[in-house]
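**Student:** Please model the complete structure; the sequences and the hints are all you need to start from.
Protein chains: 2
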Amino acid sequence: MTQLLSARAGEITPEMRQVADRERVEPEIIRQGVAAGTIVIPRNKGRRNIIPTGIGAGLKTKVSASAGIYGEQGSIGAEIEKIRSAVGAGTDAIMDLSVSGDIDFMRQEALSATSTPVGTLPLYQAMAEASQKYGFSLKMDVEELFEVIERHTADGVDFLALHCGTTMSIVERAKKEGRVDPLVSYGGSHLIGWMLYNQRENPLYEQYDRILAIAKKYDVTISLADGMRPGCLADSLDGAQVQELVLLGELVRRAREAGVQVMVKGPGHVPINQLKATITLQKSLCKGAPYFVFGPVVTDLAAGYDHISAAIGGAISAWAGAEFLCYVTSSEHLGLPDIDQVREGVVAARIAAHAADLAKELPGAADWDLDLSRARKELDWKQQISLAIDPVRAERLRKERTDDFASECTMCGKYCAMEIVSKYLDGSKKAC
Amino acid sequence: MTQLLSARAGEITPEMRQVADRERVEPEIIRQGVAAGTIVIPRNKGRRNIIPTGIGAGLKTKVSASAGIYGEQGSIGAEIEKIRSAVGAGTDAIMDLSVSGDIDFMRQEALSATSTPVGTLPLYQAMAEASQKYGFSLKMDVEELFEVIERHTADGVDFLALHCGTTMSIVERAKKEGRVDPLVSYGGSHLIGWMLYNQRENPLYEQYDRILAIAKKYDVTISLADGMRPGCLADSLDGAQVQELVLLGELVRRAREAGVQVMVKGPGHVPINQLKATITLQKSLCKGAPYFVFGPVVTDLAAGYDHISAAIGGAISAWAGAEFLCYVTSSEHLGLPDIDQVREGVVAARIAAHAADLAKELPGAADWDLDLSRARKELDWKQQISLAIDPVRAERLRKERTDDFASECTMCGKYCAMEIVSKYLDGSKKAC
Numbered sequence: 001m002t003q004l005l006s007a008r009a010g011e012i013t014p015e016m017r018q019v020a021d022r023e024r025v026e027p028e029i030i031r032q033g034v035a036a037g038t039i040v041i042p043r044n045k046g047r048r049n050i051i052p053t054g055i056g057a058g059l060k061t062k063v064s065a066s067a068g069i070y071g072e073q074g075s076i077g078a079e080i081e082k083i084r085s086a087v088g089a090g091t092d093a094i095m096d097l098s099v100s101g102d103i104d105f106m107r108q109e110a111l112s113a114t115s116t117p118v119g120t121l122p123l124y125q126a127m128a129e130a131s132q133k134y135g136f137s138l139k140m141d142v143e144e145l146f147e148v149i150e151r152h153t154a155d156g157v158d159f160l161a162l163h164c165g166t167t168m169s170i171v172e173r174a175k176k177e178g179r180v181d182p183l184v185s186y187g188g189s190h191l192i193g194w195m196l197y198n199q200r201e202n203p204l205y206e207q208y209d210r211i212l213a214i215a216k217k218y219d220v221t222i223s224l225a226d227g228m229r230p231g232c233l234a235d236s237l238d239g240a241q242v243q244e245l246v247l248l249g250e251l252v253r254r255a256r257e258a259g260v261q262v263m264v265k266g267p268g269h270v271p272i273n274q275l276k277a278t279i280t281l282q283k284s285l286c287k288g289a290p291y292f293v294f295g296p297v298v299t300d301l302a303a304g305y306d307h308i309s310a311a312i313g314g315a316i317s318a319w320a321g322a323e324f325l326c327y328v329t330s331s332e333h334l335g336l337p338d339i340d341q342v343r344e345g346v347v348a349a350r351i352a353a354h355a356a357d358l359a360k361e362l363p364g365a366a367d368w369d370l371d372l373s374r375a376r377k378e379l380d381w382k383q384q385i386s387l388a389i390d391p392v393r394a395e396r397l398r399k400e401r402t403d404d405f406a407s408e409c410t411m412c413g414k415y416c417a418m419e420i421v422s423k424y425l426d427g428s429k430k431a432c
Numbered sequence: 001m002t003q004l005l006s007a008r009a010g011e012i013t014p015e016m017r018q019v020a021d022r023e024r025v026e027p028e029i030i031r032q033g034v035a036a037g038t039i040v041i042p043r044n045k046g047r048r049n050i051i052p053t054g055i056g057a058g059l060k061t062k063v064s065a066s067a068g069i070y071g072e073q074g075s076i077g078a079e080i081e082k083i084r085s086a087v088g089a090g091t092d093a094i095m096d097l098s099v100s101g102d103i104d105f106m107r108q109e110a111l112s113a114t115s116t117p118v119g120t121l122p123l124y125q126a127m128a129e130a131s132q133k134y135g136f137s138l139k140m141d142v143e144e145l146f147e148v149i150e151r152h153t154a155d156g157v158d159f160l161a162l163h164c165g166t167t168m169s170i171v172e173r174a175k176k177e178g179r180v181d182p183l184v185s186y187g188g189s190h191l192i193g194w195m196l197y198n199q200r201e202n203p204l205y206e207q208y209d210r211i212l213a214i215a216k217k218y219d220v221t222i223s224l225a226d227g228m229r230p231g232c233l234a235d236s237l238d239g240a241q242v243q244e245l246v247l248l249g250e251l252v253r254r255a256r257e258a259g260v261q262v263m264v265k266g267p268g269h270v271p272i273n274q275l276k277a278t279i280t281l282q283k284s285l286c287k288g289a290p291y292f293v294f295g296p297v298v299t300d301l302a303a304g305y306d307h308i309s310a311a312i313g314g315a316i317s318a319w320a321g322a323e324f325l326c327y328v329t330s331s332e333h334l335g336l337p338d339i340d341q342v343r344e345g346v347v348a349a350r351i352a353a354h355a356a357d358l359a360k361e362l363p364g365a366a367d368w369d370l371d372l373s374r375a376r377k378e379l380d381w382k383q384q385i386s387l388a389i390d391p392v393r394a395e396r397l398r399k400e401r402t403d404d405f406a407s408e409c410t411m412c413g414k415y416c417a418m419e420i421v422s423k424y425l426d427g428s429k430k431a432c
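For the protein sequence lines, the chains are W and P, in the order given.
Quick note: the first sequence, position 52, residue 52 per this note's numbering, numbers continuous.
Quick note: the second sequence, position 242, residue 242 per this note's numbering, numbers continuous.
There may be inaccurate statements among the hints.
[As the list claims (entries may be wrong)] Calculated cross-link-like contacts (lysine-lysine; reagent style BS3-like; alpha-carbon spacing at most 30 Å):
#1 K283(W) x K276(P)
#2 K283(W) x K360(W)
#3 K276(W) x K283(P)
#4 K139(P) x K423(W)
#5 K287(W) x K276(W)
#6 K360(P) x K276(W)
#7 K139(W) x K429(P)
#8 K176(W) x K423(P)
#9 K276(P) x K276(W)
#10 K276(P) x K287(W)
#11 K360(W) x K176(P)
#12 K175(P) x K423(W)
#13 K423(P) x K175(W)
#14 K175(P) x K382(W)
#15 K429(W) x K176(P)
#16 K133(W) x K429(P)
#17 K283(P) x K360(W)
#18 K360(P) x K360(W)
#19 K423(W) x K133(P)
#20 K429(W) x K133(P)
#21 K429(W) x K139(P)
No lab work stands behind these hints, which were simulated from the structure alone.
All values reported here derive from a predicted model rather than from experimental measurement.
**Tutor:** So this is what it looks like as C-alpha cells:
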C-alpha cells in the first residue's frame with residue numbers, strides 16, 4: 001500500500017497523522033488531500049530517520065534545497081556540510097543532484113544527514129556511469145537507466161525527479177517555437193541529447209508504467225520534471241512549456257490510477273504578470289497535483305541576487321497556489337553556491353513561503369508574526385531574535401550594530417519623545 | 001512657476017524634456033502627467049548638478065536610499081560614502097535623514113555628492129537644534145521648525161518629507177484602534193510627542209498653506225509622510241492608517257491647487273494580500289498622486305533579510321501602481337546599515353522595481369532582459385556581466401566560481417550532450 005492507496009481506502013496512516021500534527025489540522029483533512037492527490041507525503045517505505053512532510057493544497061508552503069557533487073573539485077564532505085547548513089536554515093526537503101564522483105556514497109550520506117525527505121535525479125548518475133563505461137554518456141543503455149532508478153529507490157530516496165514528459169513531439173515543438181534560449185534544463189538537455197543521438201523516444205515516457213511499478217513498490221513520489229523550463233522571461237508560457245505541461249497532466253492521471261504519489265516540477269524564469277496564469281494552468285491541467293517550482297525568478301538580469309528575484313517570484317507563486325519552492329541561490333547563473341549562499345538561499349525561499357502563507361491566511365500563520373511584533377513593541381530583544389526567521393544571522397547583525405543603539409537617539413535630550421507618546425497611546429514605555 | 005504650473009499652462013519645460021528622454025516617451029506625455037499631478041519631477045529651482053527624474057504613473061519605477069548622521073558615532077564622511085555607494089548601485093534618489101552632528105554641512109555634502117534628487121526630513125534638525133538649545137527637543141518652537149524648512153529649501157533640497165496629516169484626530173484614532181505597535185514612524189513619534197507635550201495641534205497641518213508657499217517658491221516637491229505607518233502586519237490598513245490617508249488626500253488636493261508638486265509616503269509592514277488594496281486606496285483617496293512606499297515588508301520576522309522581504313512587497317506594490325520604492329536594508333530592525341548593506345538594499349529595491357516594470361509591460365522594459373538572455377544563450381560572459389543589474393557583484397561571484405566552470409560537466413565524456421541538442425534545436429553551439 002502507498003499513502004495514496006491507504007488514503008483512498010479511508011485509512012489514516014501514521015505518516016498522515018504526523019503531517020496533521022505538524023500542520024495543526026485534522027488527520028482527516030490530510031487523508032482527503034492525499035486521496036485526491038492534492039497532497040503528497042514523499043516517504044520511501046525503506047527510508048529510516050525521516051520526519052514525514054506533507055506538500056500540497058492547504059498546507060504550509062515548503063521549500064527544497066539542492067546539493068550534490070559536480071565536477072572534479074566536488075567533495076562529499078563539502079556537500080554534506082551544505083545539506084546540514086540548508087537543514088539548519090530550515091529547508092523542508094533536500095535534493096541530491098550529484099553528477100560525478102561516488103554518487104552512490106554521496107546519496108547514502110545525504111540520506112543519513114537529514115530527516116527531511118530526500119529527492120534525486122537518477123538520469124544524472126545513469127549518464128555519468130555510461131560516460132565512465134563507454135566514454136560517452138549518450139551511449140547509456142535504457143536498462144542501465146532503469147537499474148539506477150531501482151538503485152535510488154532501494155536506497156530509500158523519497159522522491160524522484162524524472163523528465164517523463166519530454167517526448168520527441170515536445171522537442172519538435174521547442175524547435176518550432178523559436179525560443180530565445182531553447183533548453184536550460186540540465187537533465188532535460190542530456191535526455192534530449194540521448195534521444196537525438198540514439199534516434200529514440202524518451203524511455204521515461206515509453207516505459208512510464210515500469211517507473212510507476214518501481215515507485216509504487218517503495219511508495220516513492222514521482223516529481224515530473226519539465227525539460228522545457230523557460231530559461232528567460234521571453235520563453236515563459238510558450239508552446240513548448242505548455243505542451244509539455246499538457247502531457248504532464250496525462251502522466252499525473254496515470255500515476256494516480258497506479259496508486260503512485262505524484263507532483264509536477266515547473267518554472268524557471270517567469271514575469272510577475274504570468275505567475276498566476278502559470279499556476280492556474282498547472283492546477284487545471286494537472287488536476288490539483290502539488291506544483292514544485294524552481295524560483296521562479298522574475299527578471300533575467302539579477303545574477304548575484306537571484307535568491308531575491310526568486311523570493312519575489314516564489315512568494316507570488318505560492319500565494320497563487322504553488323506549494324513547494326525549489327530554492328535559488330545568489331550564485332545562480334554564475335557558479336555553484338558556497339555554504340553561506342546555500343543558507344541564504346534557503347532563508348530567502350522560506351521568507352517567500354511564509355509571506356505567501358500569511359497572504360493565504362493559512363490558519364496559524366499570522367501567530368508567529370504577531371508574537372514577534374509584540375516582542376518588538378516590548379523591546380524584548382531576546383525574544384525578537386529567537387523568533388526571527390534566522391536567529392543566527394539576526395543575532396550576529398544585532399551584535400555588530402549594538403553601538404548604534406548604545407548611542408541611540410541623541411535627538412531628544414533629557415526626555416524621550418517616544419516615551420511620552422507610548423505612555424499616551426497605550427500606557428507602555430516604549431522608547432526610541 | 002513650478003513644473004506643475006508650467007505643465008498646466010501647456011509649457012514643456014527642459015526638465016520635462018529630459019525626463020521624457022530618459023523614459024523614452026514623448027515630452028507631451030510627461031507634461032500631461034505633471035499637469036495632472038500623477039507625475040512629479042522633484043527639482044529645487046536652486047539646485048545645481050541635478051539630473052531631473054520623473055516619478056509617477058507610466059514611468060519606470062524609481063527607488064530611494066537613505067543616509068544621514070545618527071548618534072554620536074556617525075560621521076559625515078562615512079555617510080557620504082554610503083550615498084556614493086547607493087548612487088553607484090543605481091538609486092534614483094537619496095534621502096538625508098540626519099538627526100545629529102553638523103546637519104547643515106551634511107546636507108550640503110549630500111547635495112554635492114549626487115546628481116539624483118535629494119530629500120530631507122526637516123523636523124529632525126529642528127528637534128535636534130531645540131535639544132541643543134533647550135536641553136529637550138520637544139521645547140522646539142514652531143517658528144524654529146519653519147526656519148529649518150526654509151533653510152533646507154534654500155539649500156536646494158528637492159523634496160521634503162513632512163508629516164502634515166498626523167493631526168490630533170489621527171492620534172486619537174490610533175489610541176482607539178488598539179494597535180499592536182501604535183507608532184513606529186520615528187519622525188511621526190517625535191511630532192506627536194511635541195503635540196502631546198505642548199498640547200497643540202500639528203503645526204505642519206495648521207500652517208500647511210505656509211509650507212505650500214515655501215515649497216512653491218523653490219518648486220520643492222512635498223512628500224506627505226505618514227505618521228501612522230504600520231509597524232507590523234497586524235496593524236496594516238487599520239483605522240489610524242486609513243484615516244490619515246484620507247486626510248493626506250485632502251492635502252494632496254490643496255497642494256495641487258497651490259501649484260505645488262506633491263507625493264504621498266506610505267507603508268511599512270503589509271501582508272501580500274493587502275498590497276493591492278493599499279495601493280488602490282491611495283490612488284483613489286489621493287487622486288493619483290505618486291505613492292512612495294517604504295518596503296513594504298511582507299512578514300514581521302525577516303530581521304537580517306528585510307531587504308528580501310521588502311523586495312517581495314516592493315515588486316507587488318509597484319506592479320499594483322506604487323511608483324517610488326524606499327529601500328530597506330538587511331539591517332532594518334537591528335541597527336544602521338553599513339556600506340555593503342546600503343548597496344545590497346538599493347539593488348534589491350531595483351530588482352523589485354524592474355520586475356514590476358516588466359509585469360506592467362512598460363515599453364522597453366523587456367529589452368534589457370532580452371539582451372541579457374541572448375548573451376546568456378551565446379555564453380557571452382562579458383556581455384552577461386555588463387548587463388547584470390549589479391555588474392560588480394556578478395563579476396566578483398563569477399570570478400570566485402570560475403573553477404566550477406573550468407571543471408564543468410564531467411558527465412558527458414567525449415562529446416557534449418548539450419551541443420548535440422543545441423545544434424538540432426537552433427543550429428547553435430551552446431554547450432553545458
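**Student:** Run the structure past the numbered hints and jot down the numbers of the failing ones, going up.
**Tutor:** Failing hints: none at all.
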